[in-house]
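Residues per chain, in single letters:
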Amino acid sequence: MFLDCRDLTFGYQGTTKTLFKNLSFKFENPGFHSLFGSSGVGKSSLARILCGLLRADKGVVDTDSIDSLLYAHNLERLPGWSSIGAHIERITPIHNQDKKELLIRHFGLSTHLGKRFSQLSLGQKNRINLLRYLVQDFNVLIVDECLANVDEKLRARILINIKAMFKDRLFIYISHNVIEIASYCQQIWVLRGPERDQQAVLVRGQDCRDQKCLDRSSLQQTMLEIMNAA
Amino acid sequence: MFLDCRDLTFGYQGTTKTLFKNLSFKFENPGFHSLFGSSGVGKSSLARILCGLLRADKGVVDTDSIDSLLYAHNLERLPGWSSIGAHIERITPIHNQDKKELLIRHFGLSTHLGKRFSQLSLGQKNRINLLRYLVQDFNVLIVDECLANVDEKLRARILINIKAMFKDRLFIYISHNVIEIASYCQQIWVLRGPERDQQAVLVRGQDCRDQKCLDRSSLQQTMLEIMNAA
Amino acid sequence: MLLRRIYQFLMIYLIGLAILLMIKYVVNLSDYVIPSLGILLNTFGGISSTYAHDVFSTLCVAIIGQIFSIMLAFVVGILGRKTTWLGSLIKVAAYNIQAYPIVALAPIIFILLGDGFVSRLLIAAMICYFPLLLSVVGILAEPITEVEHFYQQTGRMRWQLEVKIRSFENLPKLTTVIAGSATLAMAGTIVAEFIAANAGIGYSIRIALYQSDLSKILVALFMIGITLSIYQGALEIAGRLVKSAWEQ
Amino acid sequence: MLLRRIYQFLMIYLIGLAILLMIKYVVNLSDYVIPSLGILLNTFGGISSTYAHDVFSTLCVAIIGQIFSIMLAFVVGILGRKTTWLGSLIKVAAYNIQAYPIVALAPIIFILLGDGFVSRLLIAAMICYFPLLLSVVGILAEPITEVEHFYQQTGRMRWQLEVKIRSFENLPKLTTVIAGSATLAMAGTIVAEFIAANAGIGYSIRIALYQSDLSKILVALFMIGITLSIYQGALEIAGRLVKSAWEQ
Amino acid sequence: AQENLTYRLKWLINMSTVGDIVAVHQGCFLEQGLTVTLKSGGPERDAIRDLELGHADFGVASGDQVIQAISKGSPVVVVAQLFQKNPLQWVYFKNKIRIDGLTDLKNKTIGVTFGKNDEIIMRTLLVKSGLSERQVRLYSVRLDYTPFYKGVADLWPVYINTQGVEIGHKLMASGASIAFLDPESHGVLFVANSVVTSKRLLEEHPERVHRFIKGLIKGWTTAVEGTDTDRIVDDVRRYDRDTSRDLLFAQLDQTRALVKPGKTVSIGRINVPAWEQTEAIMLANQQIDRPVNVGTRLRLEFVE
Ligand SMILES: Nc1ncnc2c1ncn2[C@@H]1O[C@H](COP(=O)(O)OP(=O)(O)OP(=O)(O)O)[C@@H](O)[C@H]1O
Ligand SMILES: Nc1ncnc2c1ncn2[C@@H]1O[C@H](COP(=O)(O)OP(=O)(O)OP(=O)(O)O)[C@@H](O)[C@H]1O
Ligand SMILES: [Mg+2]
Ligand SMILES: [Mg+2]
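Protein chains in written order, with the numbering used here: chain A, 4 to 233; chain B, 4 to 233; chain C, 1278 to 1525; chain D, 1278 to 1525; chain E, 5 to 308.
Watch out, some of these pointers could steer you wrong.
As the list claims (entries may be wrong) - A few chain A residues facing chain B, derived, Cβ under 8 Å:
1) S47
2) L57
3) G126
4) E183
To be verified - Derived contacts from chain C toward chain A, CB cut-off under 10 Å, selection only:
5) C1337
6) E1419
7) Q1429
8) Q1430
9) W1436
10) Q1437
11) V1440
12) I1442
13) E1446
These are calculated hints, taken from the structure and not from any lab test. Positions of the beta carbon are idealized from the N, C-alpha and C atoms, including for glycine.
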């Protein structure tokens, strides 16, 4: 399984600026990968192109090896007519019920299932939204700042658990937290804007599977690479 | 100028859980302070109480020394009928026009002023929203995850500039980024939930004024203190 | 709530009446043009029980008509919500029919359906349904992307779900319109009775008009107003119950 | 767009006509119950130009009435948007008046205002304004907290701004309702003419009814429909222009 | 100098108001120094109200309206009576039913407009016929004629000089034959269109009333006796564009017979016994609760 994009060119209609110009990158195998770049560089736009919500002006998105690609972002809301527990219950396929239970525990949401979406804190909203994507059947999941408002401790726990539970899936994790990306991601594509001659640079991350794997200096090294690339 | 809360008790109507029970804390002087705590502990609720959107069941919020307290959070939207540049222009008092120009530059928004709010990236939305509060006349500003979706480099620059420009104001910065809080904040109140016997613990931060001030080991120390308190 | 509605209505009615009487005495008009308070009270005593009965029978038709038109508005709203050719055809049809004043359509309706209960109902429903339709179309045609995104992504979106999401997000607007359309259902039924029927308050108003008897008309307006205040109050309470049941 | 509206209208009209004629031949009704196609075409040739002129004069009144009622709906919507006592009194008044079928109010209107242009306009506006009012009240009463928060916090909130924010966020709904209410303004004007005026298509319909001439009524319906399709199409285009001007 | 007057009619401006139209358009009022504006009427606007409100100076009202208004204290006076015969009659299919005497109404379905004067007239006819109300079926009339056409109702009320002509024409064209039931031939007199004004105008400006009536009677005389019928019909067509010329000629003939039923009758004459009978009928039907002595409001001096 891979996700290959070649020569993407794109600019929003009505604006003169091109966002991507012949952008090419490739996520080569399942695992926890990342799209990184400064605010406004085009990560969310790229994600929208990948999942088909936007169409590139030019170029190819090769998704032949992928059955189902989902895009989760952090402005989503759950419907308000039932509790989040009831909602999750309804949208989980039967064969994923076990996963659901486990995830609810890992995500620290057990005591909040009776609440409506509007009664949650921001970080709780973030978590429940990501959770409902994880219990779907997918090959590729783009996670666009879905945990931006969750505290770091919990976020680390969540990432580690996701990595353990979904080894065969391809994640594209979009976040501004450099340490996190350097620690947990494998292939990190850093976007740099169309004015730079190499628009996307690949950095290899530490791809940690638990909280203790961290070798301080190599992490430092990766972080530097990322920051320099961006 | 100070912000003093004594014996706050609060729980959302229709829920049984009390969020705060005789919570007391005090921000003692102008500067860049923080409210910290894990997701769902009640930071945003507390902010809503401080600015009067919610009413505590019991307790006193002493704001006698404060003329104007504003609360900015990250779900806000700007009206869509004009460009963000025009909006900012309209809502900036004349005597703050210079500040406005400076802030737009520091916030990296100069090239986006012609856009509508809906055409911005998430981080750009975050920034323009915070900016419009900063150009108001305020004594206290609560910043509730307003920069959560901005990249770290830019965020650091923004914080340093805010601290330099608004020395006489009191900021309460809510964020999940521990390094950032440890580095830039002065008084850090860590919320821990009503089941712990000391509901809020005060940690002194590094209160850096530029990017180079960091003394690695004392920062590490502060971070540990914060993490242990939470 | 309900009580407030009633006494607010009374206030408005009395203000209106006072203005009429003032004109009467200032311009010095005879009882034929504007009845005196004495005549009015007299008429009230004489016919209030008959009229109460009439208004009740009208209200029953109005309620059925309203239910009918709520359903119709949703059906058309659901079908017309898409910007497809068929959707817009249905909308054009629904809009056009409304442009025809009922006075012009009535003969055709009577030819097709006779002048029994069904015609009355149809006319009532037609007058009441259009405002509903407008709101329902407006609401159902507008995507709520933040909520719908997930269902679109996971291929779960069905029209029922779409309708449910959009209705829920616009619940306050919908209940305003539905409660408000009660008055229209009532007005519609009265018009239908006025044109065709031989029962109901509309029929009584017609007779009063032929007899040039303004005092009867004023009594009728009073009865209609008070009944409607109660009905609308009840609808609002029901709306609040639905809302809290759905949201809690 | 405009063209599509017109030929969709034609389609609907022809379907309706076909049904009527079918009934005529199936039940074997005479020409005076339902006119034959020949009579209809004949009538059309004879009176279409007069009727076209009538419809145009009606349309002019309708447009003024619609503008008037849009303004009225906004005024009442703005005043009635708060949940204060006065707000709810205004809403009750605005709702109650609507419950009275125009036929019952007409005599009072004529007593108060005479039977000139003003009364006609008032009746037209009353019929058209209520659906507008319902939507406008629904829209203006619902806070858009994410946008309004800043203005509340900084003490900048004025009612004008509140109205602007809520209107803007509900622009598609508002334009749907305003475009749709054109049909109601037309219907209202026709009813007013039917009751009171001595010009316009409503007056012609009354005469046709008086003469029991269904073929003339069918021609009138045709004229009304086609005019309205054009007017509504124009309104929709205007709505789109406003939207793009405001949003871009 | 010309004086401006407003003249409110009872119903639409059509052949029933031919004399009024002629008076306006053939200069009869101008000769009297009056400029008269015609206003059509309808169920929601009656002339007597307009007189009181000052919206009109003269008006046309039916006998029952006048009596009703007097009973409620309206200062209205009658200065002329336009129709000597009430135009209201009942149409029926001759090949379907046969009405020779009033008793033939037995078991028939009769259209009446509840609340309007045709209801009272029919009830009076029924009283005269000796039939009880249970022996006929009264059917509520609405705007269109479909129930009659479809045979749901046997008799249907029409104004003989306008609707009667149109419907008769239509039905004749399709081979049906119709007849009319005329209440007057069964002894029921019920006054129709009459000219009214307010007491005040009469007292303050009797000469103005005089001139108005003079002009009006001249108009009606021209309409009824004039030979230039083309011009008369053309004048009516200014208002009633939708009725064909042929029909208008037929309507004119019918109207003439109502306004001047016999050689000896002068146009505009107030038929006092008819008014008294009208009052009696209304009293009997509890339309008014006590006698109003309508005779005191009839001003016979304007029409010789
Ligand atoms: N609908 C739109 N129309 C025009 N320009 C747009 C639109 N949406 C986004 N943009 C612009 O495109 C650029 C990229 O936006 P995008 O949301 O993809 O950035 P991002 O990398 O996700 O940023 P962030 O980290 O802040 O979320 C931004 O400069 C933004 O202003
Ligand atoms: N309207 C509400 N009704 C009931 N409970 C609520 C409501 N809003 C928030 N809560 C609950 O109150 C608790 C505190 O919420 P709050 O938003 O203050 O948390 P927070 O500290 O800001 O968290 P985060 O960092 O995730 O934003 C949460 O458990 C949340 O579920
Ligand atoms: Mg983004
Ligand atoms: Mg929060």
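Right, here's what the structure says about each hint:
Contact between S47(A) and chain B, as hinted, is supported at the beta carbon level, the nearest pair being about 6 Å apart and thus within 8 Å. The interface hint given for L57(A) is broken, as the beta carbon of that residue sits about 13 Å from the closest beta carbon of chain B, more than 8 Å. With its C-beta approaching chain B no nearer than about 3 Å, G126(A) sits inside the 8 Å limit, and its interface hint holds. Taking 8 Å as the C-beta cut-off, the interface hint given for E183(A) is violated, the closest approach to chain B being about 10 Å.
About 32 Å separates the beta-carbon of C1337(C) from the nearest beta-carbon of chain A, more than 10 Å, and the hint is not met. Checking E1419(C) against chain A by beta carbon gives a least distance of about 15 Å; that is not within 10 Å, so the hint is violated. Checking Q1429(C) against chain A: minimum C-beta separation of about 9 Å stays under 10 Å; hint holds. Evaluation of the Q1430(C) hint against chain A yields a held restraint, the C-beta minimum of about 5 Å falling below 10 Å.
Taken as an interface hint, W1436(C) does not check out: its beta carbon lies about 15 Å from the nearest beta carbon of chain A, beyond 10 Å. For Q1437(C), the suggested interface contact is broken, since its CB lies about 13 Å from the closest CB of chain A, more than 10 Å. Interface restraint check: V1440(C) against chain A, minimum CB-CB distance 12 Å, threshold 10 Å, status violated. Below 10 Å, beta-carbon pairs count as interface contacts, and I1442(C) has one with chain A at about 6 Å; its hint therefore holds.
Of the supplied interface hints, the one on E1446(C) holds, with its beta-carbon coming within about 8 Å of a beta-carbon of chain A, less than 10 Å.
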